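S.K.: The primary structure of each chain is shown beneath.
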Amino acid sequence: MEYDFPNKFQVIVVGTGMVESIVAAACSRIRLEVFHLDYSDHYGGLWASYNFEGLQKFIKEVKTNPSMKNVVYNLQEKWYINEDSSEEESKQDSEDHKTDDGKAEGTKKIWRRADFASEYRKFNIDTTPKLLFSRGLLVELLISSDIARYTEFRCVTRVLTWLNDKLAPVPCSRADVFATEAVSIVEKRMLMKMLTSIVGYNEEEMNNEFKDWNDKTFKEYLTHKGLTPNLIHYVLFAIAGGTNSMLCLEGVRECKKFLMSLGRYGNTPFLWPMYGSGDLPQCFCRLSAVFGALYCLNQPIDSIQTKTEEDGKTVVELKCKAKTLTCDHLVMDINECPKELLSPEPEEESSDISRAIFITNETIMPSEKEPLTLLRFPPLEEGGNAVTVLEVGPATGSCPKGLFLVYFFTPKVKDAESDLKPYAEKILNLSDGDQTETSDKPKCLWSLYYNVKDTNGSVRSGIDNVHVCRGPDAALDFDRAVEQAKEIFEKICPGKEFLPRSYRYNELVFEDVTPGPEFQREDEDADGDKQ
Amino acid sequence: MAKTYDCLFKLLLIGDSGVGKTSILFRFSEDAFNISFISTIGIDFKIRTIDLDGKKVKLQIWDTAGQERFRTITTAYYRGSMGIMLVYDVTNEKSFENIKNWIRNIEENASADVEKMILGNKCDLDAKRQVSKERGEQLAVEYQIKFVETSAKDSLNVEYAFYTLARDIKAKMEKKQEASNPPGGRSGAHQLKANEQQRKPTSWLSRCSVL
Numbered sequence: 001m002e003y004d005f006p007n008k009f010q011v012i013v014v015g016t017g018m019v020e021s022i023v024a025a026a027c028s029r030i031r032l033e034v035f036h037l038d039y040s041d042h043y044g045g046l047w048a049s050y051n052f053e054g055l056q057k058f059i060k061e062v063k064t065n066p067s068m069k070n071v072v073y074n075l076q077e078k079w080y081i082n083e084d085s086s087e088e089e090s091k092q093d094s095e096d097h098k099t100d101d102g103k104a105e106g107t108k109k110i111w112r113r114a115d116f117a118s119e120y121r122k123f124n125i126d127t128t129p130k131l132l133f134s135r136g137l138l139v140e141l142l143i144s145s146d147i148a149r150y151t152e153f154r155c156v157t158r159v160l161t162w163l164n165d166k167l168a169p170v171p172c173s174r175a176d177v178f179a180t181e182a183v184s185i186v187e188k189r190m191l192m193k194m195l196t197s198i199v200g201y202n203e204e205e206m207n208n209e210f211k212d213w214n215d216k217t218f219k220e221y222l223t224h225k226g227l228t229p230n231l232i233h234y235v236l237f238a239i240a241g242g243t244n245s246m247l248c249l250e251g252v253r254e255c256k257k258f259l260m261s262l263g264r265y266g267n268t269p270f271l272w273p274m275y276g277s278g279d280l281p282q283c284f285c286r287l288s289a290v291f292g293a294l295y296c297l298n299q300p301i302d303s304i305q306t307k308t309e310e311d312g313k314t315v316v317e318l319k320c321k322a323k324t325l326t327c328d329h330l331v332m333d334i335n336e337c338p339k340e341l342l343s344p345e346p347e348e349e350s351s352d353i354s355r356a357i358f359i360t361n362e363t364i365m366p367s368e369k370e371p372l373t374l375l376r377f378p379p380l381e382e383g384g385n386a387v388t389v390l391e392v393g394p395a396t397g398s399c400p401k402g403l404f405l406v407y408f409f410t411p412k413v414k415d416a417e418s419d420l421k422p423y424a425e426k427i428l429n430l431s432d433g434d435q436t437e438t439s440d441k442p443k444c445l446w447s448l449y450y451n452v453k454d455t456n457g458s459v460r461s462g463i464d465n466v467h468v469c470r471g472p473d474a475a476l477d478f479d480r481a482v483e484q485a486k487e488i489f490e491k492i493c494p495g496k497e498f499l500p501r502s503y504r505y506n507e508l509v510f511e512d513v514t515p516g517p518e519f520q521r522e523d524e525d526a527d528g529d530k531q
Numbered sequence: 001m002a003k004t005y006d007c008l009f010k011l012l013l014i015g016d017s018g019v020g021k022t023s024i025l026f027r028f029s030e031d032a033f034n035i036s037f038i039s040t041i042g043i044d045f046k047i048r049t050i051d052l053d054g055k056k057v058k059l060q061i062w063d064t065a066g067q068e069r070f071r072t073i074t075t076a077y078y079r080g081s082m083g084i085m086l087v088y089d090v091t092n093e094k095s096f097e098n099i100k101n102w103i104r105n106i107e108e109n110a111s112a113d114v115e116k117m118i119l120g121n122k123c124d125l126d127a128k129r130q131v132s133k134e135r136g137e138q139l140a141v142e143y144q145i146k147f148v149e150t151s152a153k154d155s156l157n158v159e160y161a162f163y164t165l166a167r168d169i170k171a172k173m174e175k176k177q178e179a180s181n182p183p184g185g186r187s188g189a190h191q192l193k194a195n196e197q198q199r200k201p202t203s204w205l206s207r208c209s210v211l
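These protein sequence lines are chains A and B, in that order. Just so you know, we're using UniProt numbering here: the first sequence kicks off at 1 and counts up by one. Just so you know, we're using UniProt numbering here: the second sequence kicks off at 1 and counts up by one.
Since the hints were derived computationally from the structure, they do not count as laboratory data. Remember, predicted model here, so these are calculated numbers, not experimental data. Some clues are possibly wrong.
Some chain B residues judged to face chain A by a derived CB distance under 8 Å, without partners named [as the list claims (entries may be wrong)]:
(1) Gly-66
(2) Thr-72
(3) Thr-75
(4) Ala-76
(5) Ala-189
(6) Gln-191
(7) Leu-192
Derived EDC-like pairs: lysine to aspartate or glutamate, alpha-carbon spacing no greater than 20 Å straight-line [what the hints assert, rightly or not]:
(8) A:Lys-188 with A:Glu-205
(9) B:Lys-176 with B:Glu-97
(10) A:Lys-69 with A:Glu-33
(11) A:Lys-122 with B:Glu-108
(12) A:Lys-426 with A:Glu-381
(13) A:Lys-401 with B:Glu-159
(14) B:Lys-193 with A:Glu-140
(15) A:Lys-109 with A:Glu-83
(16) A:Lys-193 with A:Glu-205
(17) A:Lys-57 with B:Asp-113
(18) A:Lys-122 with B:Asp-53
(19) A:Lys-109 with A:Asp-432
(20) A:Lys-109 with A:Glu-437
(21) B:Lys-94 with A:Asp-4
(22) A:Lys-109 with A:Glu-370
(23) A:Lys-122 with B:Glu-107
(24) B:Lys-146 with B:Glu-159
(25) A:Lys-401 with B:Asp-53
(26) A:Lys-57 with B:Asp-53
From the three backbone atoms N, C-alpha and C, an ideal C-beta is built for every residue, glycine too.
Go ahead and model the full structure; you've got the sequences and the hints to work with.
M.R.: Dropping the structure here:
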């Protein structure tokens, strides 16, 4: 393959993670010449999703590539199914044909490792699973930029919490509130009163109302308002996703974000991208390409340096595969950035992330239709972190029929396995036992624990045309990535519009012109639970 | 809003740079030809609604946005596609050889039952021809895919190609429905809309005002 392209660009973006991809799209959109590359052979960096085979490659790469080891570590893969014996395999093969035709409903499929290999393409396993708040920054950006047309979403169907040592649904919609027996009528009124006040405040009023609560915890506030322990649990752990030490203002903000996103798409405030979070950076890359950005994968950078040209202008020079490229601005994944470009001043430390992925053979809590679940665990130990759990099924394009993916994540304390296993054991059967054994918990077939570094840092002072992008954080949503991308864009092109709408420019419609983007499924129930 | 079509098919164009994917798209969607597309900039997708046996079928046809150049087509491009036009240039041997690579790419990323068709474009340039029609036909037989030579410039077989692909998709869908197999697991997924109507009052409060 020939790599014949210009060697001067206005902006070069290195890495195809979320932040880099948003910046690339924003720059191309206002017609800057953008060259976007990645050292790896796929999009997404630490934000990527993989099919089962791709995930095996990722695991291998983490174990062997020294620069990856610093970013992804403590990686533990485990099977809960025995290695397939060849005898069993041939026996199973003939049985498989039977079940395919006869659709043996009711009897659960026995999964073998070979099934994972043969159905590998049906997996889209996220290394950074996240949800979108229906009125969050990313949803608004996808809509306002029209990038929403490159992807589809499903509504999260339920929010669960861990209460009195079992799973409990958190009432989100009016119907849920009516249906729930966990909250009495008196409690409902009490809750409403408090939530009304939270939603009613704007930032300024909020500062006023809560000024005496600045250094107090959200729990103290909720207790002060006379909420019962049950209600405090729902608000603090399930709605705000907090812990006993969560500060009052932070809790109020988180609650507000949750409440404001209700009622837009489905019964909960959350959306999950079809085929996983890993598709989202690609959607931004697509827009960037439509507006002329050049894309190259498999391009490791050999060296980077800043240079002053004859006319006094400072440019960045990159060497990659024997080519020398120059650009006015370089945007790059912080984990790819050479140390000498980074400021030696230590930045505010932020916690790394502990993550786990489980593949199970049924949902953590049966429901009529295939569920898509957010579960927030309060810390099991005093002083610990809250743990977020997402469960996605085949309808999201994440795994083959008959399986579920369960993602766990939390800010790191010790290591991924120690941080998350106690939580996983509460809701999953992590034994090596037979898949046919009856258990009240879904059987785990495969798992992966790993830690991801959340590198923080800034570019050495005096270099103002190199911009570093942080990787994923431990938060539930994409807000930090969107905010960071906006900041970087603002530094590159001060005062320019960030990702303005583009569809009128691109799309010529040859039928009745109706306002709004064309690519939409009409007559779709906004609940997302058609059929 | 009244629906102006009965079904929507997402189609993709795939093939090497310079084989005329964008020209084919323009010929079909606008009945126009412009010699000056050098590489694809600013083309996202085009829409044309056609009539198939009394049904209005809206074809949404996506272009590669130039990401085929260095083989950097995103996996997201293939999601939900129902038909793919594989295009090569009859005056460019390499682009013909690469069809096999593109098919491999499709097998890796697109849905297993996506309809495919191979187009040998620029068949008006007979003097420069490097790939005979027979070789194109042979390749198509090998993969059991339909094949036709086209000329976006002379408007030859472009309509035919899209109608054929659309008809095949429609037939497949009807067959699936007859087998009472609801299509795919994708129902319930939806696109975020700019002009979306508020289904219910915006806040939790108003939704719960009866309390």
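S.K.: Given the hint that Lys-109 of chain A pairs with Glu-437 of chain A, test it: the Cα-Cα distance must not exceed 20 Å.
M.R.: Holds. Lys-109 of chain A to Glu-437 of chain A sits at ~13 Å (cutoff 20 Å).
S.K.: Taking only the CA atoms, is the gap from Lys-109 of chain A to Asp-432 of chain A under or equal to 20 Å?
M.R.: Holds: Lys-109 of chain A and Asp-432 of chain A sit about 17 Å apart, inside 20 Å.
S.K.: Does the structure keep Lys-94 of chain B and Asp-4 of chain A at a Cα separation of 20 Å or less?
M.R.: 17 Å, holds
S.K.: Taking 20 Å as the top limit, are the C-alpha atoms of Lys-57 of chain A and Asp-53 of chain B close enough?
M.R.: 48 Å, violated
S.K.: Identify whether the interface hint at Leu-192 of chain B stands, where standing means a beta carbon of chain A within less than 8 Å of its own.
M.R.: 4 Å, holds
S.K.: Would the pair Lys-57 of chain A and Asp-113 of chain B pass a check requiring their Cα atoms to be no farther apart than 20 Å?
M.R.: Between Lys-57 of chain A and Asp-113 of chain B the Cα gap is close to 26 Å, so the pair fails against 20 Å, i.e. violated.
S.K.: Going straight from one Cα to the other, do Lys-146 of chain B and Glu-159 of chain B come out at no more than 20 Å?
M.R.: OK: Lys-146 of chain B and Glu-159 of chain B at ~15 Å, within 20 Å.
S.K.: Per the CB criterion, is Thr-72 of chain B less than 8 Å away from chain A?
M.R.: This interface hint holds because 4 Å falls under the 8 Å limit.
S.K.: Answer holds if the nearest beta-carbon of chain A is closer than 8 Å to that of Thr-75 of chain B; otherwise answer violated.
M.R.: This interface hint holds because 7 Å falls under the 8 Å limit.
S.K.: With the threshold set at 20 Å, check whether the alpha-carbon distance from Lys-69 of chain A to Glu-33 of chain A stays at or below it.
M.R.: 34 Å, violated
S.K.: Please verify whether Lys-193 of chain B and Glu-140 of chain A have alpha carbons no more than 20 Å apart.
M.R.: 10 Å, holds
S.K.: Taking only the CA atoms, is the gap from Lys-109 of chain A to Glu-83 of chain A under or equal to 20 Å?
M.R.: The hint holds at about 17 Å.
The structure fails to meet hints 8, 9, 10, 13, 17, 18, 25, 26 from the earlier list, while all remaining hints are met.
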